[in-house]
Amino acid sequence: EAGVAQSPRYKIIEKRQSVAFWCNPISGHATLYWYQQILGQGPKLLIQFQNNGVVDDSQLPKDRFSAERLKGVDSTLKIQPAKLEDSAVYLCASSLGHTGLPYEQYFGPGTRLTVT
Amino acid sequence: QKEVEQDPGPLSVPEGAIVSLNCTYSNSAFQYFMWYRQYSRKGPELLMYTYSSGNKEDGRFTAQVDKSSKYISLFIRDSQPSDSATYLCAMSRGGYQKVTFGTGTKLQVIP
Chain A
1 EAGVAQSPRY KIIEKRQSVA FWCNPISGHA TLYWYQQILG QGPKLLIQFQ
51 NNGVVDDSQL PKDRFSAERL KGVDSTLKIQ PAKLEDSAVY LCASSLGHTG
101 LPYEQYFGPG TRLTVT
Chain B
1001 QKEVEQDPGP LSVPEGAIVS LNCTYSNSAF QYFMWYRQYS RKGPELLMYT
1051 YSSGNKEDGR FTAQVDKSSK YISLFIRDSQ PSDSATYLCA MSRGGYQKVT
1101 FGTGTKLQVI P
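One line per chain: the protein sequences are A and B, in this order.
Those letters in the first sequence? Residues 1 to 116, per the working numbering, in order.
Those letters in the second sequence? Residues 1001 to 1111, per the working numbering, in order.
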């Protein structure tokens, strides 16, 4: 079974530029999560999708971050404009959703973002 | 006060030692308790989960939850160099509520 795919793996941008990350979850997984993991910290949930609907985006900085999950499969997370404090690893995870254990999340390798 | 507190370490132990990793939490509504392992430059992977209080054993790993003290532990017996990683505790109220992670404890098992 293929895992969660993410691209790019690394990205370096200057502040005020924009950036987009892509995630392809495990086939059949209804729930998709985006997390931000700052160095030395645990992952922080940014947004959770159930199919293509948003379940929780309470910690998403909506003035600069946006995410979509068209057709309930792939997802894109965008930052515009980026700030220095956005430097982090952005992790995508997926889970089966209603047919499985909600906490059994499978994580991708992450995208390491550096904002200079 | 953070909802979940975890000592960041690092924790260094000799191979074969018993390792104890711990987290405390403040939200009494948490019902599901998880431990994830994260190798360097990789995403976290679920090790074990426990519902409510009690113990759960899986091979060399034992998870304990004490809801009365709001304290959870992960024990690793006969630790191996391959266990060297960051261990993240995580908790949820259940259903499809979000999962809250601790900061992670970095473990190094020295051969």
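FYI, nobody ran anything at the bench for these hints, they're computed from the structure.
Honestly, I wouldn't trust all of these hints.
Stated by the list, open to error - Interface residues of chain B toward chain A, partial, derived using beta-carbon atoms under 10 Å:
1) GLN1006
2) GLY1016
3) MET1034
4) LEU1046
5) PHE1061
6) GLN1064
7) TYR1071
8) CYS1089
Unchecked claim - Cross-link-like lysine-lysine pairs, in silico, DSS-like; alpha carbons within 25 Å at most:
9) LYS62(A) with LYS1098(B)
10) LYS83(A) with LYS1067(B)
11) LYS1106(B) with LYS62(A)
12) LYS1106(B) with LYS71(A)
13) LYS78(A) with LYS1067(B)
14) LYS1098(B) with LYS1067(B)
As the list claims (entries may be wrong) - The following residues of chain A were derived to be distant from chain B, with all beta-carbon distances above 10 Å:
15) ILE12
16) SER66
17) LYS71
18) ARG112
Glycine is no exception: its CB is placed at the ideal position from the N, C-alpha and C atoms.
Using the nearest Cβ pair, does MET1034(B) come within less than 10 Å of chain A? holds (6 Å)
Restraint satisfaction for CYS1089(B) [CB to CB of chain A, less than 10 Å]: holds (8 Å)
Going straight from one Cα to the other, do LYS1106(B) and LYS71(A) come out at no more than 25 Å? violated (38 Å)
Would the pair LYS1106(B) and LYS62(A) pass a check requiring their Cα atoms to be no farther apart than 25 Å? violated (32 Å)
No chain B beta carbon within 10 Å of ILE12(A)'s: holds (16 Å)
Regarding the hint that GLY1016(B) lies at the interface with chain A, is the smallest CB-CB distance below 10 Å? Since the shortest Cβ distance to chain A is 28 Å, the answer is violated.
Is the nearest CB of chain B more than 10 Å from the CB of ARG112(A)? violated (8 Å)
Just double-check SER66(A) for me: nearest Cβ-Cβ distance to chain B has to come out over 10 Å. holds (19 Å)
Does GLN1006(B) pass the interface check with chain A, least Cβ-Cβ distance below 10 Å? At about 8 Å, which falls below the 10 Å cut-off, the nearest Cβ of chain A leaves the hint on GLN1006(B) intact, so it holds.
Taking the closest Cβ pair, is TYR1071(B) under 10 Å from chain A? violated (17 Å)
Would the hint linking LYS83(A) and LYS1067(B) be met if the CA-CA limit is 25 Å? Given that 25 Å is the threshold and the Cα spacing comes to 40 Å, the pair is violated.
Proposed proximity, LYS1067(B) with LYS78(A) (alpha carbon, max 25 Å): Given pair LYS78(A), LYS1067(B) is violated - Cα atoms ~39 Å apart, limit 25 Å.
Comparing the model with each earlier hint shows violations of hints 2, 5, 6, 7, 10, 11, 12, 13 and 18; every other hint is respected.
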